[in-house]
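Participant: Next come the chains, spelled out residue by residue.
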Amino acid sequence: MKKLHMIILLLLGTIISFAVNPEDIYDLKAKIRDLEVTVSKNPKDATALYQLALSYEVLSENGDEKYLENTRINFQNYLKLDPYNSVARVKYGKSLVMSGQKNWFLPAKMWFIMSGTSEMTKAAEVDPENFNVRYIRGSTCFELTEYSFCIQTAITDFEYILYNKELFRPYFDSETINELNYKLGYCYIFTKNYEKAFLYLDDVINNHPYSIYYSPSIALRRKYTK
Amino acid sequence: MFKLKKFLLMLLLSELSGIAISFLIYLFSKTFDYFEINLTISLIFSNSIGLIYYLISSIFKYYIADKLQNTLIKFFLKFFVLFASLFLSFEIAYFIIRYFFKMAIFPDYFEIQNLLLVINIILFSVLIIFVIIYQKLRIEIEKKNRENENLRRLQTESKLVALQSKINPHFLFNTLNSIIELAYESPKKVETVVLNLSTIYRKILYLADKQFFSVSEEIELVKSYLEIEKIRMGIRLNYELNIDPQTLSIKIPPLIIEPIVENSVIHGIGPKPEGGKISVTIIKKENNVIISVTDTGVGIKENNLKQGYGTSSVKERLGILYKNKFSFEIKSRSIEGSGTDVTIIIPYKEA
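The listed protein sequences correspond, in order, to chains A and B.
Taking the numbering used here, the leading residue of the first sequence gets 1, the next gets one more, and so forth.
Taking the numbering used here, the leading residue of the second sequence gets 1001, the next gets one more, and so forth.
Treat the hints with care, since some could be wrong.
Here are the computed lysine-lysine pairs in the DSS-like style, where the Cα-Cα straight-line distance is at most 30 Å [to be verified]: (1) B:1223 to B:1331; (2) B:1210 to B:1315; (3) B:1223 to B:1277; (4) A:122 to B:1030; (5) B:1251 to B:1315; (6) B:1251 to B:1325; (7) B:1188 to B:1223; (8) B:1030 to A:102; (9) A:44 to B:1030; (10) A:41 to B:1030; (11) A:122 to A:102; (12) B:1285 to B:1331; (13) B:1030 to A:66; (14) B:1030 to A:80; (15) B:1223 to B:1210; (16) A:29 to B:1030; (17) A:31 to B:1030; (18) B:1136 to B:1325; (19) A:66 to A:80; (20) B:1323 to B:1251; (21) A:41 to A:66; (22) A:29 to A:66; (23) A:196 to A:165; (24) B:1277 to B:1331.
Calculated from the structure, these hints are not laboratory results.
Work out the full structure, taking the sequences as your base and the hints as a guide.
Facilitator: Take a look at the structure:
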């Protein structure tokens, strides 16, 4: 049994090392260096700032605080030049929330979470029918289940996407629908609305047995079925 | 309990702390955006902590702190008050933000609150343990102080009683008369008597500073006294000192043998026309020193065994110094008029 575990671990390690291609990161870092030069020469170059922020966002996905801070600052600078880019705003909000999750100083943590969610709300108010805005806000709030007010926002956004799935069809595949169903089920379990939760979970369980969300949905369903 | 000046000072400190927290948030975020949120969070935190600290510390100071003298306990108490304030202020800040401002910015998990609660419980337990230990020590020290005070009092009283008997005109006149007689009959002995008399006064006067005498010092005093009495009483008084040389350096409380010997002379041999003999024996047996004073005087009747001040003071002092590890016994011999035996057993104490 131990040998089997070791083999699985080795295989996983190999898959991960191939998935995160060091060459891609090297290219991205080179791109960032070029963009930094461009921005230093022309700080009002909105396109370069946006590209720089997006590049840092990719690097900050692993939670590196230095990249997270650069993402935040660059989005902030970009939004001063182009305040109506709702996707940039929601991503700025997300970076603030992520910084808050990393912060140890409680008042600062609160400020990051509050201002991050405010930025995301602003973006959703400006562009409520934008799939990216709704999806990013919903996913970010889903990560903040310890804050009760975030659960409701996640439910609102995910349900909005699901009700308008025909409208947003070009943006996502059936796996995204499974993801949203599973996450909605999870959120409703969190709010103790089991009837609605099971409705969403059953959709994954009954219609998509090959989905990666199938097993977690069954596990959740079993755990909370009386 | 609550002083306005202190309250205003605490309020001012809270506002200043609020500004400091706000500045710290700025250092973390590097932006003045959402400054109203920054300031609200800072002020709620600082005011909750400041006011709760003021409230708790005032109550503690009023009811407990002034009654405590121990610095360590006071130090722990301050720590406890600080952490208890932090815990309560987080709870209150959470309540205010959630129910009055309708901003659920605090996480719903209670890790911080739990951590503070655990710290509070630990500090409170340590504090209770310290208070219990402190109280026990205080009681113990007070008891020791009382005993020392008692011992000093008894020692002073013993010294006074011993001095009184020595400056009593009867003793002094008799001694002086004996000296006059000796000056004619045996001038060489005068020096010995005067030296013995000065030894007695010197020993008694300077014993106040000492808690213990060596056996040799006490015996010197007893011998000087008996020598003087022997000149006064002549052949009516004989004495014998059987001192184990090993015991000479042993420490004993001062004036425990002399008052007993004095009793034997005054109440035992004195009233008997033909006189008698006094024997003082000191031996070491296992871990004890056995002191016995016997005389062949008139003895004490059973109903008169109640001790005089000299002997009762000896017994009381031995009680304080050796607790229940000593024995003091006065026995009148079975044949009436054949003498008295006094035996003291105390633990061995080397110089």
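Participant: For a quick check of understanding: which of the numbered hints are violated here, in increasing order?
Facilitator: none
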